[in-house]
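S.K.: Residues per chain are reported as follows:
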Amino acid sequence: MSQEPLRVYDCNWCGQPSDGTALSCPACGAQVDVRAIVSKSGWSELPGRKDMAKLQFGQSFCQVEGTYVPVADMSLAAGDRIYFSHHVLLWMDSQVKVSAMSMKGAWKRMIAGMPLIMTQAEGPGHIAFSRDAPGELVALPIQPGQAVDVREHLFLVATSSVAYDWIQSGVWFTTKSGDETETHYPLGMFLDRFTSPQVPGLLLLHAAGNVFVRQLEPGQTILVKPTAFLFKDPTVHMHLHFERPAGTWRSWRSWGDRYIWLRLKGPGRVAVQSAFEPVEDNGRNITSHSGGTERQW
Amino acid sequence: MSDPSAQLLQRIVCQWCQTQNEPNAVACRSCGAPLDVKNLVSESGWREAPRIKDMTEIHFGSSTCQVEGEIVPVAEINLGPGDSVFFEHHVLLWKDDATRMSVMPLSGGVKRAFAGMPFIISVATGPGRIAFSRDATGELVVLPLHPGMELDVREHAFLVGSHHIDYTYLRIKGLRNILFGGQGMFMDRFITKGDSGLLLLHGYGNVFERTLKPGEHILVEPGAFLYKDSTVTMDVEAVKLTSGFFGGTSMNLARMTGPGRVGIQSMYVHHNTE
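Sequence lines, in order, name chains L and W. If you read the first sequence in my numbering, its first letter stands for residue 1, the second for the next number, and so on. If you read the second sequence in my numbering, its first letter stands for residue 298, the second for the next number, and so on.
Extracted from the complex, chain L is given alone in its bound form (with noise of 0.2 Å):
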């Protein structure tokens, strides 16, 4: 008798290999010999998941539930752990033991983005967590020494294996009127950046809207609307990039006639999400700015 080969099916959302006899990726969720979703201009879809499509994660597993505002659904084994921010939690049972998180360890305790408290879930039992608004969620699994760049306020839960740290977003620029100069982040200042240390970990996040992913080649670029970033490989770089229209006519000072793009540079793989918060412009002189690039038409 041989040996059954170990990997038949690389998944097409997050490449790990699985034997393929699923119905759905037990890493990340995605379905299984779906054909792959990849528009012409290079970007895949989140492939559609299918409704309860089940991922495992230590002895543990989630189960995503619905594709409007979708629900993360946990059945924690015994000893398992993960954490989230309190306003997430859906429903739990009440064995599961809830703690306010452990500063110790890989956690760091920062006055950034993320909420100043974390919460800690310990296993056996159940708890759900969804948010506030329509999106998909998106599975995001973390090999050892894999990291992961994230827009900040989309994190939903993680299990304990995955490490938090920040980054400060480098994008921004200012504007002056009078004596008054204000300072711009399209971004946001600060990133997420995800790790998982020692084992693998699962990172969940929420995105407004529908996610698209594109590998992005070596020296390769794309445009992205600044607030419409999701996530990025640590190997892409990004800066802003201002775009200037043709046949336009100074006087509409208050637009600034210019676009703000943020520019992305490969190799590496990118995230949009197809809702997004307008950017923040008020138009006036730009006195300076994080490194970016121009362009007028």
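These are calculated hints, taken from the structure and not from any lab test. Keep in mind it's a predicted model, so treat the numbers as computed, not measured. C-beta: ideal position from N, C-alpha, C; glycine also. Careful, some of the hints might be misleading.
What the hints assert, rightly or not - Looking from chain L toward chain W, a few residues come up when the C-beta cut is under 7 Å (computed):
hint: 1; residue: Gly209
hint: 2; residue: Asn210
hint: 3; residue: Leu223
hint: 4; residue: Val224
hint: 5; residue: Lys225
hint: 6; residue: Ala228
hint: 7; residue: His239
hint: 8; residue: Glu243
hint: 9; residue: Pro245
hint: 10; residue: Ala246
hint: 11; residue: Gly247
hint: 12; residue: Ser274
hint: 13; residue: Ala275
hint: 14; residue: Pro278
To be verified - Pairwise CB distance ranges (calculated):
hint: 15; chain 1: W; residue 1: Gly502; chain 2: L; residue 2: His126; range: 27 to 35 Å
hint: 16; chain 1: W; residue 1: Glu534; chain 2: L; residue 2: Thr293; range: 30 to 38 Å
hint: 17; chain 1: L; residue 1: His126; chain 2: W; residue 2: Thr465; range: 32 to 40 Å
hint: 18; chain 1: L; residue 1: Pro124; chain 2: W; residue 2: Pro320; range: 33 to 41 Å
hint: 19; chain 1: W; residue 1: Gln317; chain 2: L; residue 2: His87; range: 49 to 57 Å
hint: 20; chain 1: W; residue 1: Met352; chain 2: L; residue 2: Thr293; range: 50 to 58 Å
hint: 21; chain 1: L; residue 1: Asn285; chain 2: W; residue 2: Met401; range: 22 to 30 Å
hint: 22; chain 1: W; residue 1: Thr465; chain 2: L; residue 2: Gly219; range: 42 to 50 Å
Unchecked claim - Part of the chain L face toward chain W, derived, beta carbon under 7 Å:
hint: 23; residue: Pro134
hint: 24; residue: Thr293
hint: 25; residue: Trp297
Since the structure of chain L is already known, use the hints to place chain W on it.
M.R.: Coordinates of chain W only, in the frame set by chain L:
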């Protein structure tokens, strides 16, 4: 039988935009509506805008538009050389570096603003890719405009239009329409002359359409109004609920009078307009 005239009859007419399609087509070539779907009309006469299947491709000129996603759909356009589309710049999602951008000169110095920003119509010219979406859940309404059509649209509801469409806007007349119409002071008007064009709207929630006969009318919540043929007239009127000493309580509804199409959205958002 290989009579060519008989083959010409074997066309599927799209129930949404009336375009004739190849007999084996599964989605309408010009608006993306699934062709195998039952013709969904409610008993009161409203037709639901077709939910466009993910990744459906729509053609106009030498360009294609792909509609992606079903929660907040994205319209991704691959512009052919020389083709262009126009839009309000807040709906931009992403673009290629190389897609040329310009601004449409608008006649009249009317001060129109959206969310505190001046009202600018941007133009993107091919070759190149560019993609659009809006800030909330809804439906992408594809309205192919045949030659000689005139369509009035709630302001800020249009996502993108192709370059064969003439764009102008109307100041809404009548104090009651402005104050109680729930849709600001302006209405966008899209006109086609010799060529047909493609117009994409974003409606919040679901979108429904019905066709009014000449003289037929219907009362609509003003905030739900999405679009109408220019032949349909709209007047906001107070409907008395109670009569009392101080004039009683009334609510404002828009009376739409046919002939023509009326489109409504099920989730209405009142923008702050200036």
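S.K.: So, for every hint listed, does it hold in this structure?
M.R.: Structure-based check of each hint:
With 7 Å as the threshold, the beta carbon of glycine 209 of chain L comes within range of chain W, its nearest partner Cβ sitting at about 3 Å, so the hint holds. A distance limit of 7 Å between C-beta atoms decides the matter here; for asparagine 210 of chain L the minimum to chain W is near 3 Å, and the interface restraint holds. Evaluation of the leucine 223 of chain L hint against chain W yields a held restraint, the C-beta minimum of about 5 Å falling below 7 Å. Using the Cβ-Cβ criterion of 7 Å, the hint placing valine 224 of chain L at the interface with chain W is satisfied: the shortest such distance is roughly 4 Å.
Taking 7 Å as the C-beta contact cut-off toward chain W, the hint placing lysine 225 of chain L at the interface holds, the least distance being around 5 Å. Because the smallest distance between the Cβ of alanine 228 of chain L and any Cβ of chain W comes to about 6 Å, under 7 Å, the interface hint for this residue holds. A least Cβ separation of about 13 Å between histidine 239 of chain L and chain W goes past the 7 Å threshold, and the interface hint is therefore violated. Hint status for glutamate 243 of chain L: holds, given a least beta-carbon distance of 6 Å to chain W, under 7 Å.
For proline 245 of chain L, the interface hint holds, the least distance from its beta-carbon to any beta-carbon of chain W being 4 Å, beneath 7 Å. For alanine 246 of chain L, the shortest C-beta to C-beta distance to chain W is roughly 4 Å, which falls under 7 Å, so the interface hint holds. For the restraint placing glycine 247 of chain L at the interface with chain W, the shortest Cβ-Cβ distance is roughly 4 Å, inside the 7 Å limit, so the hint holds. Among the interface hints, the one on serine 274 of chain L holds; its C-beta lies about 4 Å from the nearest C-beta in chain W, closer than the 7 Å criterion.
A least Cβ separation of about 4 Å between alanine 275 of chain L and chain W falls short of the 7 Å threshold, and the interface hint therefore holds. The closest approach between the C-beta of proline 278 of chain L and any C-beta of chain W is roughly 6 Å, which is under the 7 Å cut-off, so the hint is satisfied. For the hinted restraint 27 to 35 Å between glycine 502 of chain W and histidine 126 of chain L, the CB-CB distance of approximately 32 Å keeps it satisfied. Take glutamate 534 of chain W and threonine 293 of chain L: their Cβ atoms lie about 54 Å apart, and the range 30 to 38 Å is violated.
Taking the beta carbon of each, histidine 126 of chain L and threonine 465 of chain W are about 58 Å apart, not inside 32 to 40 Å as hinted. For the hinted restraint 33 to 41 Å between proline 124 of chain L and proline 320 of chain W, the CB-CB distance of approximately 59 Å leaves it violated. Range check, glutamine 317 of chain W to histidine 87 of chain L: Cβ separation about 53 Å, and the 49 to 57 Å hint holds. For methionine 352 of chain W and threonine 293 of chain L, the Cβ-Cβ distance of about 32 Å falls outside the hinted range of 50 to 58 Å, so the restraint is violated.
Range check, asparagine 285 of chain L to methionine 401 of chain W: Cβ separation about 24 Å, and the 22 to 30 Å hint holds. Range check, threonine 465 of chain W to glycine 219 of chain L: Cβ separation about 43 Å, and the 42 to 50 Å hint holds. Given hint, proline 134 of chain L at the interface with chain W, holds; its Cβ is 4 Å from that chain's nearest Cβ, closer than 7 Å. For threonine 293 of chain L, the interface hint is violated, the least distance from its beta-carbon to any beta-carbon of chain W being 9 Å, above 7 Å.
Evaluation of the tryptophan 297 of chain L hint against chain W yields a held restraint, the C-beta minimum of about 5 Å falling below 7 Å.
Figure legend: structure checked against the earlier numbered hints; hints not met, in rising order: 7, 16, 17, 18, 20, 24.
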